[in-house]
Amino acid sequence: MKFIDEYRDSALARNIASAIRTEVHPDRDYRLMEFCGGHTHAIFRYGVQDLMPENLRFVHGPGCPVCVLPMARIDQAIAIASQHRVTLCTYGDLMRVPASERQSLLKAKAEGADIRMVYSTQDALAIARAAPDHQVVFFAIGFETTTPPTAVALKTARAEGLSNFSVFCNHVLTPPALRAILNDSGQDAARIDGILGPSHVSTIIGSAAYAFVAREHGLPLVIAGFEPLDVMQSALMLVRQINQGRRDLENQYSRAVSPAGNTKAQALMRETLAPRETFEWRGLGWLPDSALRVADTYADWDAEQRFPVEVTPSREIKGCECPKVLRGLLEPTDCKLFGTVCSPENPMGACMVSSEGACAAYWSYGRSRQSNRATTASAA
Amino acid sequence: MTAPNSIHPNSPGHSNRRLDVREGRVDLSHGGGGRAMAQLIEDIFRRHLDNDLLRQNNDQALFGPVRGRLVMSTDGHVISPMFFNGGNIGSLAVHGTINDVAMAGARPLYLAAGFILEEGLPLADLERIVIAMAEASKAAGVPIVTGDTKVVERGKADGCFITTTGVGEVPDGIVISGERATPGDAVLVSGSLGDHGIAILSQRDNLGFGTELQSDSAALHGLVADMIAAVPDIHCLRDPTRGGLAATLNELAAQSGVGMLIREAAIPLKPEVRAACELLGLDPLNIANEGKLIAICPAERAEALLTAMRAHPLGRESAIIGKVTKDPQQLIELETPFGGRRLLDWLTGEQLPRIC
Numbered sequence: 001m002k003f004i005d006e007y008r009d010s011a012l013a014r015n016i017a018s019a020i021r022t023e024v025h026p027d028r029d030y031r032l033m034e035f036c037g038g039h040t041h042a043i044f045r046y047g048v049q050d051l052m053p054e055n056l057r058f059v060h061g062p063g064c065p066v067c068v069l070p071m072a073r074i075d076q077a078i079a080i081a082s083q084h085r086v087t088l089c090t091y092g093d094l095m096r097v098p099a100s101e102r103q104s105l106l107k108a109k110a111e112g113a114d115i116r117m118v119y120s121t122q123d124a125l126a127i128a129r130a131a132p133d134h135q136v137v138f139f140a141i142g143f144e145t146t147t148p149p150t151a152v153a154l155k156t157a158r159a160e161g162l163s164n165f166s167v168f169c170n171h172v173l174t175p176p177a178l179r180a181i182l183n184d185s186g187q188d189a190a191r192i193d194g195i196l197g198p199s200h201v202s203t204i205i206g207s208a209a210y211a212f213v214a215r216e217h218g219l220p221l222v223i224a225g226f227e228p229l230d231v232m233q234s235a236l237m238l239v240r241q242i243n244q245g246r247r248d249l250e251n252q253y254s255r256a257v258s259p260a261g262n263t264k265a266q267a268l269m270r271e272t273l274a275p276r277e278t279f280e281w282r283g284l285g286w287l288p289d290s291a292l293r294v295a296d297t298y299a300d301w302d303a304e305q306r307f308p309v310e311v312t313p314s315r316e317i318k319g320c321e322c323p324k325v326l327r328g329l330l331e332p333t334d335c336k337l338f339g340t341v342c343s344p345e346n347p348m349g350a351c352m353v354s355s356e357g358a359c360a361a362y363w364s365y366g367r368s369r370q371s372n373r374a375t376t377a378s379a380a
Numbered sequence: 001m002t003a004p005n006s007i008h009p010n011s012p013g014h015s016n017r018r019l020d021v022r023e024g025r026v027d028l029s030h031g032g033g034g035r036a037m038a039q040l041i042e043d044i045f046r047r048h049l050d051n052d053l054l055r056q057n058n059d060q061a062l063f064g065p066v067r068g069r070l071v072m073s074t075d076g077h078v079i080s081p082m083f084f085n086g087g088n089i090g091s092l093a094v095h096g097t098i099n100d101v102a103m104a105g106a107r108p109l110y111l112a113a114g115f116i117l118e119e120g121l122p123l124a125d126l127e128r129i130v131i132a133m134a135e136a137s138k139a140a141g142v143p144i145v146t147g148d149t150k151v152v153e154r155g156k157a158d159g160c161f162i163t164t165t166g167v168g169e170v171p172d173g174i175v176i177s178g179e180r181a182t183p184g185d186a187v188l189v190s191g192s193l194g195d196h197g198i199a200i201l202s203q204r205d206n207l208g209f210g211t212e213l214q215s216d217s218a219a220l221h222g223l224v225a226d227m228i229a230a231v232p233d234i235h236c237l238r239d240p241t242r243g244g245l246a247a248t249l250n251e252l253a254a255q256s257g258v259g260m261l262i263r264e265a266a267i268p269l270k271p272e273v274r275a276a277c278e279l280l281g282l283d284p285l286n287i288a289n290e291g292k293l294i295a296i297c298p299a300e301r302a303e304a305l306l307t308a309m310r311a312h313p314l315g316r317e318s319a320i321i322g323k324v325t326k327d328p329q330q331l332i333e334l335e336t337p338f339g340g341r342r343l344l345d346w347l348t349g350e351q352l353p354r355i356c
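Taken in sequence, the protein lines are chains H and V.
Residue numbering for the first sequence follows the UniProt record's numbering, starting at 1 and increasing by one per position.
Residue numbering for the second sequence follows the UniProt record's numbering, starting at 1 and increasing by one per position.
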């Protein structure tokens with residue numbers, strides 16, 4: 001496949017791996033946080049960690065929009081669907097995310113709520129057009145990557161006068177999340193030597209949005225694509241920066257990301273959506289200016305205003321270490337629930353639900369490595 | 001095609017008026033056991049599926065003893081959309097059950113078919129489905145010898161559900177079972193994976209991406225017969241339908257109490273399947289197939305088996321993809337083209353596209 005196979009070339013991968021092994025200093029550790037779940041997925045799916053030297057570890061970050069969504073928002077979505085008897089359209093990843101009282105969208109659907117899985121905002125609009133007497137709510141979620149399609153849906157709904165369509169907006173912004181992690185100076189703050197920065201997000205907001213990481217926090221950041229060679233090349237770029245004592249913003253994903261990003265998409269987002277004063281992130285708590293709501297000028301298409309429901313605070317499952325996993329403080333296998341009561345079939349925390357979550361990646365792709373390690377350790 | 005309480009079309013009072021297959025629709029009377037039902041059976045089912053055993057007109061098919069051991073399998077088919085590139089629910093219902101029987105190394109002999117029809121289903125659609133079943137059954141040499149029809153109210157089914165049951169005979173000396181995989185054995189696949197699942201997905205209303213890809217739906221008993229002739233000591237055979245290669249290998253590993261090491265680069269995949277999976281964020285190794293099989297045999301017989309498979313039209317793209325390992329945890333490990341390793345796990349729930 002053109003433009004895909006080039007980034008999965010095994011000979012090239014071995015060359016980059018060899019270059020990394022040559023360049024790392026044996027007397028120090030390199031802890032590189034990959035921000036995005038897409039990176040986590042690529043690292044596990046292609047066995048990238050196996051090609052790295054022992055003293056280079058990938059630390060998994062909070063970059064999975066499903067994983068950082070607090071339970072309260074799923075509760076709210078279920079309440080909108082069941083109390084107001086609307087059709088709730090959502091992306092597939094969200095269906096199994098645990099909500100309070102052992103609920104989930106999938107269970108609510110089984111109990112009779114009209115919850116449908118869609119592949120795009122256009123599907124949700126089509127459902128609304130087909131049933132003009134019935135209210136349709138689109139459960140919007142994702143980082144800046146998936147925000148422009150929501151903006152387009154709002155514009156389309158207004159242009160067409162679709163009065164039975166609205167958006168339950170849960171779009172979150174990556175720079176504030178990164179700030180929150182880097183500002184964490186507590187005793188248990190994650191030690192990070194460099195960051196693999198968001199790639200698809202950066203195609204929208206541009207690489208310059210992450211300049212603060214180097215400037216304010218003195219850490220190197222490389223905008224890294226999601227293909228395995230992208231991740232490996234970005235790791236090499238970070239190793240070189242660390243060795244040279246540089247703290248720069250670099251862009252490995254230059255084939256898609258410019259410093260300013262997609263200004264047309266940004267304008268669309270500014271027109272239809274507005275910053276929230278604060279928003280709760282699973283694992284990171286309430287972060288100011290970290291999420292978007294439907295703009296006042298589009299209030300008629302805001303599901304939160306059209307279908308008010310009582311919002312109760314999130315109550316996470318006892319013992320679930322998702323918050324620490326999301327901040328790079330713990331590995332999934334450090335959680336007592338991992339692999340015991342928490343598995344993809346029966347997820348206790350959101351990191352086990354999404355295929356981009358660190359726990360799901362460990363379970364689905366890396367379990368054997370963990371058991372091999374355990375075997376080696378017990379043999380030693 | 002017989003049904004409990006059906007009225008024989010030649011019985012007194014039967015109307016000679018033909019069923020309006022072109023414009024008509026299934027209604028509740030077609031399942032009511034009366035004249036309409038008899039007419040439906042006569043004009044669609046019996047007309048297209050005709051054979052000696054079906055013509056017995058009883059509520060069962062009576063046939064003579066077979067020589068080998070008997071195998072039996074049954075499978076329900078509920079597929080959306082019902083018509084797709086490379087087949088429809090009818091041909092699929094025939095191929096699926098023939099394959100389940102054949103995976104014991106058996107020669108499939110007879111099929112039974114049960115239909116649940118939704119009120120409102122166009123009779124023309126039903127006829128297309130039955131014609132596809134007739135063609136598939138004739139091409140495979142496995143007749144449909146008995147069956148049943150029920151009609152449910154509109155909204156209580158999705159057009160047409162078909163359950164097919166098959167029986168077959170296993171030649172003496174052939175022992176093929178999921179519990180026989182042994183460390184050291186070779187793992188083979190009969191061709192490119194994911195074709196059926198992606199062909200279906202591409203034709204769902206809300207996806208509709210352009211591809212000419214056809215379902216691989218096919219009856220595999222001819223291929224199996226050639227494989228057994230070349231290598232009688234095949235340990236395991238299974239068709240990787242729902243859950244794809246990943247589920248099938250995990251099933252076999254669990255049954256046999258072994259692990260497997262699979263080389264990802266050796267797994268045949270069509271560029272269209274890879275591209276569609278890339279686009280949707282799906283793993284082709286979890287995607288369903290309807291005309292492929294997985295074989296496990298002693299390593300020293302793997303090349304002979306591969307040669308036999310490649311000599312058959314349905315096995316031209318066969319490949320040796322890995323080996324069975326000793327692993328009490330029964331894990332399937334995948335060696336990536338990079339040289340790293342990862343687990344090839346069971347699919348969790350339904351495979352869902354990722355958000356970004």
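These aren't lab readings, by the way, just hints derived from the structure by calculation.
Since this is a predicted model, take the numbers as computed values, not measurements.
We put the beta carbon where it would ideally sit given N, CA and C, even for glycine.
Errors might be hidden in some of the hints.
[Claimed, not checked] Straight-line C-alpha distance at most 27 Å; calculated BS3-like pairs for lysine-lysine: (1) V/K156 - H/K107; (2) V/K138 - V/K150; (3) H/K336 - H/K107; (4) H/K109 - V/K138; (5) H/K109 - H/K336; (6) H/K324 - H/K336.
[Unchecked claim] FRET-style restraints, in silico, Cβ to Cβ: (7) H/H217 - V/D158: 21 to 31 Å; (8) H/L12 - V/R69: 46 to 56 Å; (9) V/R67 - H/R116: 50 to 60 Å; (10) H/D133 - V/M72: 44 to 54 Å; (11) H/D5 - V/P313: 23 to 33 Å; (12) H/H84 - V/D158: 26 to 36 Å; (13) V/M72 - H/H84: 29 to 39 Å; (14) V/A230 - H/R116: 28 to 38 Å; (15) V/G32 - H/R85: 28 to 38 Å; (16) H/E277 - V/T74: 23 to 33 Å; (17) H/L12 - V/A230: 56 to 66 Å; (18) H/D133 - V/D52: 51 to 61 Å; (19) H/T297 - V/T74: 40 to 50 Å.
[Said to hold, decoys possible] Partial chain H-side listing against chain V, Cβ under 8 Å, derived: (20) F44; (21) T312; (22) R315; (23) E345.
Numbers of unmet hints, in rising order: Hints 4, 5, 7, 13, 14, 16, 17, 19, 21 and 22 not satisfied by this model.
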